[in-house]
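From first to last, the protein sequence lines stand for chains A and B. Number 282 marks the last residue of the first sequence (our numbering); no jumps. Number 363 marks the last residue of the second sequence (our numbering); no jumps.
Quick caveat, the hints were computed from the structure, so don't treat them as lab data. Predicted, not measured: the structure shown is a model, and the values here were computed from it. All C-beta atoms, glycine included, are put in the ideal place defined by N, C-alpha and C.
Listed next, the in silico EDC-like pairs over lysine to aspartate or glutamate satisfying Cα-Cα at most 20 Å (straight line):
#, chain 1, residue 1, chain 2, residue 2
1, A, K96, A, E181
2, A, K96, B, E252
3, A, K173, A, E116
4, A, K96, B, E256
5, A, K96, A, D187
6, A, K172, B, E256
Ranges between beta-carbon positions, derived for each pair:
#, chain 1, residue 1, chain 2, residue 2, range
7, A, I121, B, R147, 52 to 60 Å
8, A, I121, B, M195, 22 to 30 Å
9, A, E74, B, G293, 55 to 63 Å
10, A, A241, B, L345, 52 to 60 Å
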Amino acid sequence: MAFLEAKHVWKRYGDSVVLENINVSVEQGEFITIVGTSGCGKTTFLRMLLGVEQATSGELLMEGHAIATEPGADRGIVFQKYSVFPHLTVLKNVVLAREFEQAKLIGKLFGQAKKKAMQQAMDMLQLVGLEHAANRYPHQLSGGMQQRLAIAQALMKKPKILLLDEPFGALDPGIRADMHVLILDIWRKTKINVFMITHDLREGFYLGTRLWVFDKVRNDPQQPDAYGSCITYDIEVGQVDKTIYKMIDSDMSETRKTQILQELSDG
Amino acid sequence: MKRIINIRPTNLSKYILGVLPFVILLIVYLIASDVRLGINPNDKLMPSLVKIGEAIQRMAFEPSKRTGEYLLWADTVSSLQRLFIGVSLSAFIGLIVGVLNGSIPMVKAHLSPLSTVMSLIPPMAVLPILFIVFGLGELSKVMLIVIGITPFIIRDLQNKALELPVEQLIKAQTLGANSWQVIIRVILPQVMPRLLEAVRLSLGAAWLFLIAAEAVASQEGLGYRIFLVRRYLSMDIILPYVVWITLLAFMTDWLLRRVSMFFYPWFHTEVGRH
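Input sequences plus hints: build the corresponding full structure.
If you want it as structure tokens, here you go:
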């Protein structure tokens, strides 16, 4: 049985179709990167995995069961921003997961239990290279460090899936490369399933084991919302050659061109 | 020549520029008072500094002939007590209702319209009701403050709770938090400094309601005193009382800001709030 399966998944908002007929299955331990133009439904798909949106029709199964309709500890998330808690220090941001787990009523740990949780959190910070900043507040960290923190936080619960929504989109190229090393390292060590949205096709090719491109196959210029996106490319990234890269790139800029023309004629 | 919006005062000139208007006002008062007293030495409208000094001496440092109390301090204590109880109660109610409204959609659906309507009732209009229901004692004055400022605090905190990025709430859930834990570990601590901010903003209104209630029915209190001596046109007492009330308000505000900066340093550095 596949680890994760989408069967005939559709998503509509009123008359406009966002996703049409997504059929896909994912094995344990895959690192999937998702690219697509803005408004192509890639974020909607991720939010469905997260549980904050539901498919209009079709089934989304994880290990054979429908994905819960609210966020849960089995699916970790790192957003582009606002993923960390500004009122807690780095260490406390990470300890929080243990406190939620062990102190149902007050959400805070004391004494021996606290010490143990802090130790685990420190180990996690070490993994992402933030141990030197344990007592700082998030606003004192750079963008890259904040994302490291968000990843450390998410890993504390040992989720089955790690969802990354353009996690490095706001970072400088140099820092971004460091983050690529980090996330690959974590993925290799934990064999966690990663779904990562990116708008950088190159990043998509370089990082994952499998690349999905969300795009519209049909375009009605009179009624741009009439058709939704599907997964137009689903490729193992190991076996990619330059021509496919170029093909996807030109396909996507074609869709983007239509969008821009549409906006121009609308506005 | 730089644009005027780009010219910043240095620290010293900022200080001088800040103090200057006060000095000018004082001088204008002194001249005007002098002129009026020159025409009519018994003029009560703009007493001289000496007269005001005597009044302060009488109110603050000599026991009252009738009650044996030092009136200014007795008034201050009873007013501050009412203000403190009223504002604390409002803050407490505001915090609980505001946070619940802002974090639980089901609660908001029930309470939000109610608190919106409540906030539109002019508090002074219900003062007679308060006197009828709670009597002329302390309770009605405290209640006027509560009714006056609680709706504002509730609405402000509700908005502040709703403004927290939804990403944070989702993140907390993926870390295994239940609803209660999200409220007490994510929402509440982030709303606390905003509560202090809301309280600071509502202090002006709280003083207004306090003085109004004291003016109508009371035996002591800063507002009571001002309205009492008004009958004798005692500007020499009213003016220092007004200055004293202003000073108290200023110090309360300053203190709350310090408390907030001490307990919630992340809040003040995060967005450059002071």
